[in-house]
Amino acid sequence: MSNVRWLPRALKDLERLYGFIHEKNPNAAIKALAFIKQSAITLESFPEIGTLCHQDLDFRDLFAPFGHGAYVLRYRIDKNQDVIITRVWHSKELR
Numbered sequence: 081m082s083n084v085r086w087l088p089r090a091l092k093d094l095e096r097l098y099g100f101i102h103e104k105n106p107n108a109a110i111k112a113l114a115f116i117k118q119s120a121i122t123l124e125s126f127p128e129i130g131t132l133c134h135q136d137l138d139f140r141d142l143f144a145p146f147g148h149g150a151y152v153l154r155y156r157i158d159k160n161q162d163v164i165i166t167r168v169w170h171s172k173e174l175r
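With our numbering applied, the sequence shown corresponds to residues 81 to 175, in that order.
Since the hints were made in silico from the structure, they are not lab data.
One thing to keep in mind: the hints can contain errors.
Restraint ranges, calculated between C-beta atoms of paired labels, are given here [as the list claims (entries may be wrong)]:
{"hint": "1", "residue 1": "GLU95", "residue 2": "LYS172", "range": "16 to 24 Å"}
{"hint": "2", "residue 1": "ILE110", "residue 2": "GLN135", "range": "31 to 39 Å"}
{"hint": "3", "residue 1": "LYS104", "residue 2": "LYS159", "range": "35 to 43 Å"}
{"hint": "4", "residue 1": "ASN105", "residue 2": "ASP136", "range": "31 to 39 Å"}
In the DSSO-like style, the derived pairs of lysine-lysine whose C-alpha atoms are separated by at most 27 Å in a straight line are [claimed, not checked]:
{"hint": "5", "residue 1": "LYS111", "residue 2": "LYS172"}
{"hint": "6", "residue 1": "LYS111", "residue 2": "LYS92"}
{"hint": "7", "residue 1": "LYS159", "residue 2": "LYS92"}
{"hint": "8", "residue 1": "LYS111", "residue 2": "LYS159"}
{"hint": "9", "residue 1": "LYS104", "residue 2": "LYS92"}
{"hint": "10", "residue 1": "LYS159", "residue 2": "LYS104"}
{"hint": "11", "residue 1": "LYS104", "residue 2": "LYS172"}
{"hint": "12", "residue 1": "LYS117", "residue 2": "LYS92"}
{"hint": "13", "residue 1": "LYS172", "residue 2": "LYS159"}
{"hint": "14", "residue 1": "LYS117", "residue 2": "LYS172"}
Backbone N, C-alpha and C fix where the C-beta goes; we use that ideal spot for every residue, glycine too.
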């Protein structure tokens with residue numbers, strides 16, 4: 081089983097996403113954050129479930145469907161097989 085760690089930038093992404101949703105619907109913000117965290121826990125048992133990024137084969141994207149879109153968790157697997165989440169965003173964001 082892999083450990084999951086969040087880089088500071090990914091934690092800031094969570095804060096940003098939560099804040100954006102919270103302005104419109106506080107309950108939805110809580111549900112979205114819980115869903116993202118649960119998706120990350122899935123990576124403990126299945127670290128290679130995400131698709132390889134075409135730009136950089138060291139990184140993977142986990143697309144977690146939620147509502148009318150998905151949250152994307154970008155991560156890498158380190159030499160100890162730990163999952164390092166580097167960024168998080170919603171699929172409808174302009175990136």
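Each hint tested on the structure:
1. Judged by the Cβ atoms, the range 16 to 24 Å given for GLU95 and LYS172 holds: they are separated by roughly 18 Å.
2. Between ILE110 and GLN135 the beta carbons are some 33 Å apart, a value that agrees with the proposed interval 31 to 39 Å.
3. Separated by about 41 Å at the C-beta atoms, LYS104 and LYS159 satisfy the suggested range of 35 to 43 Å.
4. A hinted range of 31 to 39 Å for the beta carbons of ASN105 and ASP136 is consistent with their spacing of about 35 Å.
5. A hinted pair counts as satisfied when its Cα atoms are at most 27 Å apart, and LYS111 with LYS172 qualifies at roughly 18 Å.
6. Restraint check for LYS111 and LYS92: the C-alpha separation of about 18 Å stays at or below 27 Å, so the hint holds.
7. Among the hinted pairs, LYS159 with LYS92 is consistent with the structure: their alpha-carbon atoms are about 25 Å apart, no more than 27 Å.
8. Distance hint between LYS111 and LYS159 is unfulfilled; the C-alpha atoms sit about 33 Å from each other, more than 27 Å.
9. A threshold of 27 Å between alpha carbons decides the hint, and for LYS104 with LYS92 the separation of about 19 Å falls inside it, so the pair holds.
10. Between LYS159 and LYS104, the direct Cα distance comes to roughly 41 Å. Violation of the 27 Å bound is thereby established for this hinted pair.
11. A hinted pair counts as satisfied when its Cα atoms are at most 27 Å apart, and LYS104 with LYS172 qualifies at roughly 16 Å.
12. Restraint check: the Cα-Cα separation between LYS117 and LYS92 comes to about 14 Å, which is no more than 27 Å; the hinted pair holds.
13. Restraint check: the Cα-Cα separation between LYS172 and LYS159 comes to about 32 Å, which exceeds 27 Å; the hinted pair is violated.
14. With a C-alpha separation of about 19 Å, the suggested pairing of LYS117 with LYS172 holds against the 27 Å cut-off.
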